[in-house]
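Take a look at the letters that make up each chain.
4 protein chains.
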Amino acid sequence: MNDESKHPDTDNEAEANRPLEINGVRIEATFAEAFDMKATRVIITAMDEIWAEHAASAMSGFGTSVIDCKLEIDIERRLLPSETPDGRPGIALLAFAMSGGDLEKQITRRAGQCVLTCPTTALFAGLTDEVPRDKRIALGKTLRFFGDGNQISKVIDGTRFWRIPVMDGEFICQHDAPRVSGIGGGNFLLVARDLHAASRAARAAIGAIDPIPDVITPFPGGVTRSGSKVGSKYKSLIASTNDAYCPTLRGITDSQLGDGENAVLEVVLDGLSYDAIAEAMRTGIRAACSSCGEHGLVAVTAGNYGGKLGRHHFHLHEILS
Amino acid sequence: MNDESKHPDTDNEAEANRPLEINGVRIEATFAEAFDMKATRVIITAMDEIWAEHAASAMSGFGTSVIDCKLEIDIERRLLPSETPDGRPGIALLAFAMSGGDLEKQITRRAGQCVLTCPTTALFAGLTDEVPRDKRIALGKTLRFFGDGNQISKVIDGTRFWRIPVMDGEFICQHDAPRVSGIGGGNFLLVARDLHAASRAARAAIGAIDPIPDVITPFPGGVTRSGSKVGSKYKSLIASTNDAYCPTLRGITDSQLGDGENAVLEVVLDGLSYDAIAEAMRTGIRAACSSCGEHGLVAVTAGNYGGKLGRHHFHLHEILS
Amino acid sequence: MNDESKHPDTDNEAEANRPLEINGVRIEATFAEAFDMKATRVIITAMDEIWAEHAASAMSGFGTSVIDCKLEIDIERRLLPSETPDGRPGIALLAFAMSGGDLEKQITRRAGQCVLTCPTTALFAGLTDEVPRDKRIALGKTLRFFGDGNQISKVIDGTRFWRIPVMDGEFICQHDAPRVSGIGGGNFLLVARDLHAASRAARAAIGAIDPIPDVITPFPGGVTRSGSKVGSKYKSLIASTNDAYCPTLRGITDSQLGDGENAVLEVVLDGLSYDAIAEAMRTGIRAACSSCGEHGLVAVTAGNYGGKLGRHHFHLHEILS
Amino acid sequence: MNDESKHPDTDNEAEANRPLEINGVRIEATFAEAFDMKATRVIITAMDEIWAEHAASAMSGFGTSVIDCKLEIDIERRLLPSETPDGRPGIALLAFAMSGGDLEKQITRRAGQCVLTCPTTALFAGLTDEVPRDKRIALGKTLRFFGDGNQISKVIDGTRFWRIPVMDGEFICQHDAPRVSGIGGGNFLLVARDLHAASRAARAAIGAIDPIPDVITPFPGGVTRSGSKVGSKYKSLIASTNDAYCPTLRGITDSQLGDGENAVLEVVLDGLSYDAIAEAMRTGIRAACSSCGEHGLVAVTAGNYGGKLGRHHFHLHEILS
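Chains as they are written, first to last, in full-length UniProt numbering: chain A, 1 to 321; chain B, 1 to 321; chain C, 1 to 321; chain D, 1 to 321.
Take these hints with a grain of salt, some might be off.
Stated by the list, open to error - Cβ pair distances, simulated, as ranges:
no.: 1; chain 1: B; residue 1: Arg160; chain 2: D; residue 2: Gly231; range: 39 to 45 Å
no.: 2; chain 1: A; residue 1: Arg311; chain 2: B; residue 2: Lys235; range: 42 to 48 Å
no.: 3; chain 1: B; residue 1: Glu21; chain 2: C; residue 2: Ile252; range: 37 to 43 Å
no.: 4; chain 1: C; residue 1: Asp68; chain 2: D; residue 2: Arg160; range: 20 to 26 Å
no.: 5; chain 1: A; residue 1: Lys154; chain 2: B; residue 2: Ala138; range: 48 to 54 Å
no.: 6; chain 1: A; residue 1: Thr128; chain 2: B; residue 2: Ala244; range: 35 to 41 Å
no.: 7; chain 1: D; residue 1: Leu320; chain 2: A; residue 2: Ser236; range: 51 to 57 Å
no.: 8; chain 1: A; residue 1: Ala239; chain 2: B; residue 2: Asp102; range: 32 to 38 Å
no.: 9; chain 1: A; residue 1: Ala138; chain 2: C; residue 2: Gly24; range: 31 to 37 Å
no.: 10; chain 1: C; residue 1: Glu294; chain 2: A; residue 2: Ala138; range: 25 to 31 Å
no.: 11; chain 1: B; residue 1: Ala138; chain 2: D; residue 2: Leu309; range: 58 to 64 Å
Honestly, the hints are just simulated from the structure, not real lab data. Glycine included, C-beta positions come from ideal geometry on N, C-alpha and C.
Bound-form chain A, shown alone (with noise of 0.2 Å):
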């Protein structure tokens, strides 16, 4: 599902050349930096909308990023009746991590504590059998030994899935789920003249994001402002707060931010390929120009490693052109 490395070195040169405005808002010729993780799709049904809400924010909690949450997990989109493999109310989640055996232990304790335990759920795969039998995540594979022997499989069409009974009657949940290649940390930075206008913009994106499919914004609310540089005066810590986007420190660093600009905001993006993040960093990016340009919105960047740590590069000037 994710294409191969593109633009792993070019053009610095030629989009410095070329000034981007949208509604007033300063592009900068700059890019984002991705690399690559492993992802899968998840749906969680329910006998009704509440309880399905329940399943899926427990298992989508403390989900924010790899370092300390080990997954980035969000809410894709709720899903119809009609859409879901029992005919009831359901939501899709995508999850990501740096390995398939991360990706795997991540998901299996998950549906535990947040899928298994919820009353009327059922937990399945929600990516096509693409991918090779050997490169899959376990879900009731592991989960129905909870049953104590008395779990009991079936197979419908090719799939599995077992029955697991608990108090409410019985769980079902699909044997297993198939993990793909994915991007993680597509990213652009809104810069604005004040709090209120970044959080303006920055919902802009979001909600202009939200509907695209294949795509996530792990962050609370889809945002970040802690957005880190590499390293810290303090050894122990490998990260700390970028000093050159921190309007506090401007007096006192090198900084990124120009006069009037006060507030940054960041939308950081996962996504099962480079075309859909793309497509959703340019969304967002036209949705929040086009709506702030006039209301504090001043620049739209973009962060990136000097291009070594991640092979996925999107140049802001090229996706939005």
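Got chain A sorted already, so can you dock chains B, C and D onto it with the hints?
Leaving out everything else, chains B, C and D in the frame of chain A:
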């Protein structure tokens, strides 16, 4: 805040002689067995209700059970701006862990991933200072290092706060938070004629418990259906499905379910004191019985391990008298 | 925007010969009969999503049926900031009335009570200018007088707006909005084995209809259970309960309900065109059948008056083919 | 339930001599003037929370002001299943009109369009029977005729209910509801340095008022910005914008707004008693001041007509003392 152990041995005998019904619902003569935990309350505030909800939802997700989440954490209640330290909309959360070390580690980790990251938020202790200085949970004490030396400390009325530079301005974070003794594992089970009735009774109970202070119900929507027994036929598992309450296993196990008892849901409670849990159990059970006695709720019971595991016993007949 | 009457007489005969089922759900060989209405779309924007929701909720309340509400009005969809005239979060509403005069009167009244009053909001037309100048609904044209002479008019690109001084600044309100022909009374009935199944099927249908443009389902939650027949044994009433579809009257009326058909819910649709309503009916019926065929949805039918009342006929078999 | 008129003339003089501040916010020495209304409480229940919300939202929409809505109606609070007459999730609404006749007409009309129509709902009186038999609001007494002769009456403990056959079974509806005297037009104005601060203070006030029983704030989100003065330069209008509080008119009118007072929002309250409104005003004002004193809330004042219009006077200094 916690009171000493109550009713460690006593009166199964006396109980068994008192049949008890509430609105036609049989209350079993048994008790919930709960154990000691370490606890704290934190308060998240934000520029508006929307960002506060995003942060609190992230912070409290994947926090249903210490078994695999390490922490049991949930929203205790929304706070009015007039109730928060900085006059902004806020949310109080209660968190429980098996040890003080676990509690600190998980709170710091979650605050770093879910609050420090979230636009416009601040983080405060939610308990007053009754606890000696050496039993406290680090908040800003640890998170401040993200500021890479540019964080600023300020003491107001004897309380230390940190101002950590981030891209949207500063993250205000209290230095640390008191740690107290709490109780985990309060519980009751709702036995119903079908899943619709069990779901309805569970929501009635949770709705009634919701406003009670000092207590949370950390499972999804406050409820679980995956009740467990100690042990399993699989050696590597320490717990497995509670056969005695699984309606589909009635024919093949020594079932606790009678005729017409076809769905069971469990409310699990953690609280800052015995009294808070007892009050929540009383309120929740009464709400379920009074509203669902005519509508399929058949019995209320509770889970224990014969009194061997936890020193806090909540005898249903006693707390409902 | 509306197209001419379709299928005024035709093919009951042909229909009756074609049995149709979707996922085991019987589709009756009948049609929904709908009639001409006058319609418009308005857009409410606000400083943030919270105020926009408050205004739209007030504006669209008590707007289920022209019989006693005078107006049928509902939220069509949330708009991204990038989709609104002023770059703020917004909500589009569709409104339908039996005459152009009624439509104008009710829209002006509601806008004056629910939008002019609501903090931070603005009000815009949501249809483009295809309609001749004399067929328009007054918005600011009437509301401006609240400004007591201090209102200011401004024409931008040929469109007139009013700036009306209020206590939070100015209420920006477009001068007027185009009025178009619409269709009211599209409908289908979901016949189920019990109330749980009917409720579930109705929500599945409404969820699927929700994203379809140009159409609303104005009853509470999009659904009604008070289907009516023309006439009553009480002379002053022009309509009364539709006995033929009341499960409790099966023994004493000429019932349309067979064995195992114990609960019926109706989805009623108003739209800007025949095609929009047909698309919504098709989508809603398919969603209900595909998700609830195994779960108690027995049949789908539709309401008509023998073709005498409305000139728009939606034959179920035809729109589902 | 209402108490007699208070402070009809008194003490403007005394007030003027007492300067009052709460957390730095100036409290003007003035009073809110309120008048007599007729009131009732109704309770809507449903199969689950989702249908109950749909019905209550429809029933309470377009109910901001008697001027053009005829009725002021809002959700008072959500009810637990254990608090409702039929043990189901429910919502209590309070409604106010200028006469008993208006109240009955509007309640019946709205119940017929918004509750009778809504799947699974029932409708009950929400006040106990302290009112003489001839001062009651018809509910089922009128709505029953929809049953076309097949409705059934049942008296339980002296209270009459109707079972009206509808397509999803039966609509249960209490025969009538007590009517009481109420008070409309309690109010206070929040004067802030900008719109963000005014919005924040208004939400803080409304959040604090929300749990108080016997009172509603019927404007959108509880707040209005379209304060009015009696009279207009246009003869046909009886009221127009309150120039004295419009920030954009400061240069051309006799403004009440000082320097740095750039946005004003008003909370309007209807209540079942003087004490309920006074308690809500006190709570709301204190919440706004305590949370927004440092954040741009400058003053609190109130609206009156010199004491000529309504006999209930809420002196700010007195209720806050």
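Results of checking the hints against the structure:
| no. | hint | verdict |
| --- | --- | --- |
| 1 | B:Arg160 x D:Gly231: 39 to 45 Å | violated, 58 Å |
| 2 | A:Arg311 x B:Lys235: 42 to 48 Å | holds, 44 Å |
| 3 | B:Glu21 x C:Ile252: 37 to 43 Å | holds, 38 Å |
| 4 | C:Asp68 x D:Arg160: 20 to 26 Å | holds, 24 Å |
| 5 | A:Lys154 x B:Ala138: 48 to 54 Å | holds, 50 Å |
| 6 | A:Thr128 x B:Ala244: 35 to 41 Å | holds, 40 Å |
| 7 | D:Leu320 x A:Ser236: 51 to 57 Å | holds, 53 Å |
| 8 | A:Ala239 x B:Asp102: 32 to 38 Å | violated, 24 Å |
| 9 | A:Ala138 x C:Gly24: 31 to 37 Å | holds, 34 Å |
| 10 | C:Glu294 x A:Ala138: 25 to 31 Å | holds, 28 Å |
| 11 | B:Ala138 x D:Leu309: 58 to 64 Å | holds, 59 Å |
Checked against the numbered hints above, the structure violates hints 1, 8; every other hint is satisfied.
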